[in-house]
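Could you build the full structure based on these sequences and the hints that come with them?
Protein chains: 2
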Amino acid sequence: MESVIGVNLPQESYEIAIASGNLAKLGDRMMSLNLGKKVLVVSNPVIFQYYGEVAIASLKEAGFEVAQITLPAGESYKTHDSLQKIYDAALENRLERSSTMVALGGGVIGDMTGFASATWLRGINFVQVPTTLLAMVDASIGGKTGVNHPQGKNLIGAFHQPREVLIDPEVLKTLPVREFRAGIAEVIKYGIIWDAELFSQMERSQYLDCLDNLDLGLLQEILTRSCQAKADVVSKDEKEAGLRAILNYGHTIGHAVESLTEYRVVNHGEAVAIGMVAAGEIAVTLQMWDKLASERQNALIQKAGLPTALPPGLDIEAIVDALSTDKKVKAGKVRFVLPTQIGAAIVTDQVPRDVIKQVLQQMSS
Amino acid sequence: MESVIGVNLPQESYEIAIASGNLAKLGDRMMSLNLGKKVLVVSNPVIFQYYGEVAIASLKEAGFEVAQITLPAGESYKTHDSLQKIYDAALENRLERSSTMVALGGGVIGDMTGFASATWLRGINFVQVPTTLLAMVDASIGGKTGVNHPQGKNLIGAFHQPREVLIDPEVLKTLPVREFRAGIAEVIKYGIIWDAELFSQMERSQYLDCLDNLDLGLLQEILTRSCQAKADVVSKDEKEAGLRAILNYGHTIGHAVESLTEYRVVNHGEAVAIGMVAAGEIAVTLQMWDKLASERQNALIQKAGLPTALPPGLDIEAIVDALSTDKKVKAGKVRFVLPTQIGAAIVTDQVPRDVIKQVLQQMSS
Ligand SMILES: NC(=O)c1ccc[n+]([C@@H]2O[C@H](COP(=O)([O-])OP(=O)(O)OC[C@H]3O[C@@H](n4cnc5c(N)ncnc54)[C@H](O)[C@@H]3O)[C@@H](O)[C@H]2O)c1
Ligand SMILES: NC(=O)c1ccc[n+]([C@@H]2O[C@H](COP(=O)([O-])OP(=O)(O)OC[C@H]3O[C@@H](n4cnc5c(N)ncnc54)[C@H](O)[C@@H]3O)[C@@H](O)[C@H]2O)c1
Ligand SMILES: [Zn+2]
Ligand SMILES: [Zn+2]
Numbered sequence: 001m002e003s004v005i006g007v008n009l010p011q012e013s014y015e016i017a018i019a020s021g022n023l024a025k026l027g028d029r030m031m032s033l034n035l036g037k038k039v040l041v042v043s044n045p046v047i048f049q050y051y052g053e054v055a056i057a058s059l060k061e062a063g064f065e066v067a068q069i070t071l072p073a074g075e076s077y078k079t080h081d082s083l084q085k086i087y088d089a090a091l092e093n094r095l096e097r098s099s100t101m102v103a104l105g106g107g108v109i110g111d112m113t114g115f116a117s118a119t120w121l122r123g124i125n126f127v128q129v130p131t132t133l134l135a136m137v138d139a140s141i142g143g144k145t146g147v148n149h150p151q152g153k154n155l156i157g158a159f160h161q162p163r164e165v166l167i168d169p170e171v172l173k174t175l176p177v178r179e180f181r182a183g184i185a186e187v188i189k190y191g192i193i194w195d196a197e198l199f200s201q202m203e204r205s206q207y208l209d210c211l212d213n214l215d216l217g218l219l220q221e222i223l224t225r226s227c228q229a230k231a232d233v234v235s236k237d238e239k240e241a242g243l244r245a246i247l248n249y250g251h252t253i254g255h256a257v258e259s260l261t262e263y264r265v266v267n268h269g270e271a272v273a274i275g276m277v278a279a280g281e282i283a284v285t286l287q288m289w290d291k292l293a294s295e296r297q298n299a300l301i302q303k304a305g306l307p308t309a310l311p312p313g314l315d316i317e318a319i320v321d322a323l324s325t326d327k328k329v330k331a332g333k334v335r336f337v338l339p340t341q342i343g344a345a346i347v348t349d350q351v352p353r354d355v356i357k358q359v360l361q362q363m364s365s
Numbered sequence: 001m002e003s004v005i006g007v008n009l010p011q012e013s014y015e016i017a018i019a020s021g022n023l024a025k026l027g028d029r030m031m032s033l034n035l036g037k038k039v040l041v042v043s044n045p046v047i048f049q050y051y052g053e054v055a056i057a058s059l060k061e062a063g064f065e066v067a068q069i070t071l072p073a074g075e076s077y078k079t080h081d082s083l084q085k086i087y088d089a090a091l092e093n094r095l096e097r098s099s100t101m102v103a104l105g106g107g108v109i110g111d112m113t114g115f116a117s118a119t120w121l122r123g124i125n126f127v128q129v130p131t132t133l134l135a136m137v138d139a140s141i142g143g144k145t146g147v148n149h150p151q152g153k154n155l156i157g158a159f160h161q162p163r164e165v166l167i168d169p170e171v172l173k174t175l176p177v178r179e180f181r182a183g184i185a186e187v188i189k190y191g192i193i194w195d196a197e198l199f200s201q202m203e204r205s206q207y208l209d210c211l212d213n214l215d216l217g218l219l220q221e222i223l224t225r226s227c228q229a230k231a232d233v234v235s236k237d238e239k240e241a242g243l244r245a246i247l248n249y250g251h252t253i254g255h256a257v258e259s260l261t262e263y264r265v266v267n268h269g270e271a272v273a274i275g276m277v278a279a280g281e282i283a284v285t286l287q288m289w290d291k292l293a294s295e296r297q298n299a300l301i302q303k304a305g306l307p308t309a310l311p312p313g314l315d316i317e318a319i320v321d322a323l324s325t326d327k328k329v330k331a332g333k334v335r336f337v338l339p340t341q342i343g344a345a346i347v348t349d350q351v352p353r354d355v356i357k358q359v360l361q362q363m364s365s
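Read top to bottom, the protein sequences are chains A and B.
Numbering-wise, the first sequence is residues 1 to 365 according to full-length UniProt numbering.
Numbering-wise, the second sequence is residues 1 to 365 according to full-length UniProt numbering.
Derived by calculation from the structure, the hints in this document are not laboratory data.
Check before you lean on any hint, since a few could be wrong.
Since copy identity is lost for identical chains, a pair holds within one copy or between any two.
[To be verified] Quick list of in silico lysine-lysine cross-link-like pairs, DSBU-like style, CA-CA up to 35 Å:
1. K333 x K60
2. K38 x K333
3. K236 x K303
4. K357 x K25
5. K173 x K38
6. K25 x K85
7. K357 x K85
8. K291 x K38
9. K60 x K303
10. K25 x K37
Bear in mind the structure is a predicted one, so any value in this text is a computation, not a measurement.
Okay, here's the thing in structure tokens:
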């Protein structure tokens, strides 16, 4: 099974190639992109240990001059210090404007490598080889790159499109199950906001909670349809003028929950799952969405082994306050993405504070 | 006298407004750009002392919420540390995506503020108020932004276009004469590579070595024609695919001279002057340019109080070696911009090493 999705942007277009065994074809595929000889592969030690050798052998065989650097794993290393290390490696290996940085890793490696490639010599080539489900269906597509500021996530960044996204589903075999589920949360999101058929396909599967229980055909559908959904949305709105906002479905309350629990209790996907349940309930309360549809959503979230209730001990008032400090807040108004049917959503800043509180109270455990 | 030049780029267009008294109109002009309420003015203590008050009063009067930050003056502060201070001020003042950073200063402030605005929240609005001649005619136009890496100038950066460039020639009155001449070097460059009429107008002026000796009409012509030249070139080649390379006239050898003397002996404009003399001689030697034209160029450089000989003690061999480590070097070939007539130039990587050495030897003092 092989899918290729085109991301068509006014200035630059690229392909997302999805197929088992793609990792070993990295060099070949990059050959056809007309890049310079030098490549810097950026990864972390865990991922590099599993997949570094295959990737590098493939690049060398295709004639590239390859250097590599690994950075410590984890969100807490998505910092300016790590960025500096990538710059130093770029300098040491004398990368030129025609050279390429390859991100071999999850969203953390992808975001940092993307930002380094966006800003080294004011922009060099960049190829994404995502190794988490979340990075495959979300982080690697759309050109958002960045690092964290000590006081906030992703405050520093740039838009920089990759020249290619290469997805090899095989690498998911080593991904911890909790990370897998975090990715599934974003896939469910695409089902709700964009692709009703994707939603139904997941509904029809008996299991959704780990890779081993997944039919290979369904996995390929999940990857292809999710990438297509993200590609559709970003090509219609490259720089976040409007439509792209629907990708934040589940993220308004999700971000508040993540940050109030200091990124320690729930991971991003779990927070998004909770946020989708909340947004769904809000939409139902405002009579924009069927109760039945929201129940189907919540059942799917549960089948994926994701939470549907707030973590214990969270103060509702604090969540509501946190909403208005989110960086996406425009002139003090909190923006919600609310589903109108399975497969469609709208953006609104007209949700009464009372409704938010009432829904969150119902979700307290 | 007032000129407005349009810079027309595929994605974003903006105006360069040149007129005495513009500084006091900053707020008014920005009002018409449809920007958010919050503005962060970035400057250095010297410049802020002269012009901060007028700029800020004008912004406040137009209804903007204004914050300010000053960074230490000088190229040695064009660093990640200064950038961090801008980010901190952005955070403290809660700049949003619709907010604006205003660079009130020379190229150093402009480049850093531009990069900060390019990367804060993945890009916010940016307005240039250049206060040196060099920043007016060169650094503020074209969207190149960046900071230095400990091991090299401008290695880290991004393309980010300003929403407006506002030039008030009055501020040049306080500019040190050596800085003024550095700007004139770039103006002479435009005369050679693009605008023969600009060249002739300067030739006709009795003096060119300091502001006080300059006719006000000529100053306005110098500013307008130089900005127009840069705007023409960058709009035809926003991301440096080809044509923009001609802006590096005088810069190939200029950069080598600057860096070999550790940026202490000659300033940028002086280095470019030396580089233009060298490139002119190379073009004459290769029979691409008239001896007479090159003599006219060198006379103009001298009239501007700029050097035409290498600084004493520089090793010719070292200069030639330095050329090939320049970041603009593609696959080891050194690229030269060579004039073919006054007002036109070409780019070539076919200059024999012998010719470079011979010309530099003639220029040794
Ligand atoms: N740029 C975007 O548009 C965008 C979108 C969503 C998220 N993000 C960013 O992505 C980041 C989260 O990405 P993530 O969820 O991929 O987390 P991650 O990159 O931290 O990876 C999660 C963990 O899985 C490990 N891992 C990765 N691939 C593996 C594999 N194949 N086998 C075994 N272990 C593996 C990693 O070492 C890490 O410990 C966040 O920083 C977020 O801000 C960016
Ligand atoms: N982005 C671009 O396209 C581009 C192009 C050319 C140069 N540059 C960059 O520009 C920088 C050089 O810029 P510059 O020559 O303007 O130097 P600068 O910004 O360092 O200013 C020179 C000096 O003049 C002082 N000064 C500025 N305006 C003044 C005024 N009106 N009155 C009194 N003093 C004043 C400053 O405090 C400083 O000490 C370099 O970092 C270079 O890399 C960028
Ligand atoms: Zn997400
Ligand atoms: Zn210059």
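*Going through the earlier hints one by one, which of them does the structure break, listed in rising order?*
4, 7, 8, 9
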